[in-house]
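Asker: Using my numbering, you'd call the opening residue of the sequence shown number 668 and step up by one each time.
Misleading hints may appear alongside valid ones.
[Unchecked claim] Calculated lysine to aspartate or glutamate pairs in the DMTMM-like style (CA-CA distance at most 20 Å, straight line):
hint : residue 1 : residue 2
1    : Lys970    : Glu713
2    : Lys708    : Glu932
3    : Lys825    : Asp797
4    : Lys721    : Glu894
5    : Lys886    : Glu897
6    : Lys928    : Glu705
7    : Lys904    : Glu713
8    : Lys970    : Asp1023
9    : Lys708    : Glu897
10   : Lys721    : Asp748
11   : Lys918    : Asp709
12   : Lys708    : Asp1023
13   : Lys886    : Glu874
14   : Lys708    : Asp972
15   : Lys918    : Glu894
16   : Lys707    : Glu1050
17   : Lys707    : Asp987
18   : Lys707    : Asp972
19   : Lys721    : Glu932
20   : Lys708    : Glu941
21   : Lys928    : Glu897
22   : Lys825    : Asp854
23   : Lys825    : Glu838
24   : Lys928    : Asp748
25   : Lys918    : Asp748
26   : Lys970    : Glu769
27   : Lys904    : Glu750
28   : Lys970    : Glu705
29   : Lys904    : Glu894
30   : Lys904    : Asp709
31   : Lys904    : Asp748
32   : Lys904    : Glu1050
33   : Lys970    : Asp987
34   : Lys721    : Glu933
35   : Lys904    : Glu932
36   : Lys721    : Asp741
By construction, these hints were calculated from the structure, which means they are not laboratory data.
Quick caveat, the model's predicted, so the values are computed rather than measured.
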Amino acid sequence: MQISHFPDFHDIPARRLAYAASFMVLGMCLLAFFFEIEIKKDVQAEIIASGEVKVQRVSGLVTRVHVQAGAPVDVGTPLFDVERDLSLTHDGATRAEASLRERQLRLAAIARRSQLQRVDLRARIAALGDTLAQRRRMRALNEDDIAQARQQVEQARKTLERLQAVAQYVELERIERAEAELASRRDNLSRRLARRAELASEINSTESGIREAQTELAKVDLQDGRERLEAREMFEKNRSTLVVSSPTQGKVAFSQVAPGKYLREEDIAMTISEDGQRVLQAVLRIPSRQRGFVRQGQQARLKFDAFPYARFGTLAVRIDDISASTVATPRPSPADPRGLDSDYLAVATLAQPFFDTGGQRHQILPGMRATAAIVVERRSIAEWILQPLFEALRG
């Protein structure tokens, strides 16, 4: 059999081409509605080490360095001294000397005032104590007088009763004198009892005055301690010389302080590595408008500034935790009118402190900055293309 004629394009019916094109378009439309694409957003990230503590937010001139890189430190170990104010006072003294002198003068003034108050209160307590002792002696004498007056009243009453029993045999004048004597002795007893009440009131008043003076003396001691504490706190707050100490136990891994070097607040003066294994983590700053699309366990890919991702690729990490509230982030420029940014912080732990690309191993170091690509939303192709229409339908 010999083939003498090959089919041309016009031999295929046109309707079959239309059917094939229609099925293809229909399949593409169905795919557009069911196939989803990922919409990613880039957020800023920084590599930190969970076992490292950075000493920063200190500004001033370094005057003395106590430890060098590689030295072990404990909590509270002095690291370096910083002089914050290099100006002189009107008498030519340094700010540190003037601050120390002012502190000493203020503490001396507080001590003198407290001492005068203590002397005055102790003298008042001593005088009130003497008065109290005298009134107690008077009360004891008054008790003796009351006992004697009661005895005299009883004797006068018995005498009157004897005279009244033999009234027909004695003169009336004697009975009247006995009655007058009994009334006089009863009046004397009443005066003694009234004096006892007065002495009791005076003793109570004196004891109350002593207690008040003792309370004031205790208040003077409390006020003296409080004012001394406030003076020390003000001195520590306003003094120009600072001694920066270690906040943790470990070893100085990095130090850029040296006598004569001026530190700024954004400078990292020292890095202290805590004892134990160091774990690298990536801290992601998520804007509030993207927080609803980020969840715990979500994957992100880090693109390091030090290693361009077009050449070195990215590193996959998984988000371990997300902060429940925003954290203020200062702007790079102080003149920025927007002030502070408030972002959510997400933490992702790196599986290893390096990544391999093209047969080479690249070390990841704390402080490196990166851009994290996070999948914030998944949409179908149709929803992505017809976004204005879907937004209008959703109201």
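Asker: Are there hints from earlier that the structure breaks, and if so, what are their numbers?
Answerer: Hints 2, 3, 4, 6, 7, 9, 11, 12, 15, 20, 21, 26, 30, 32 contradicted; others consistent.
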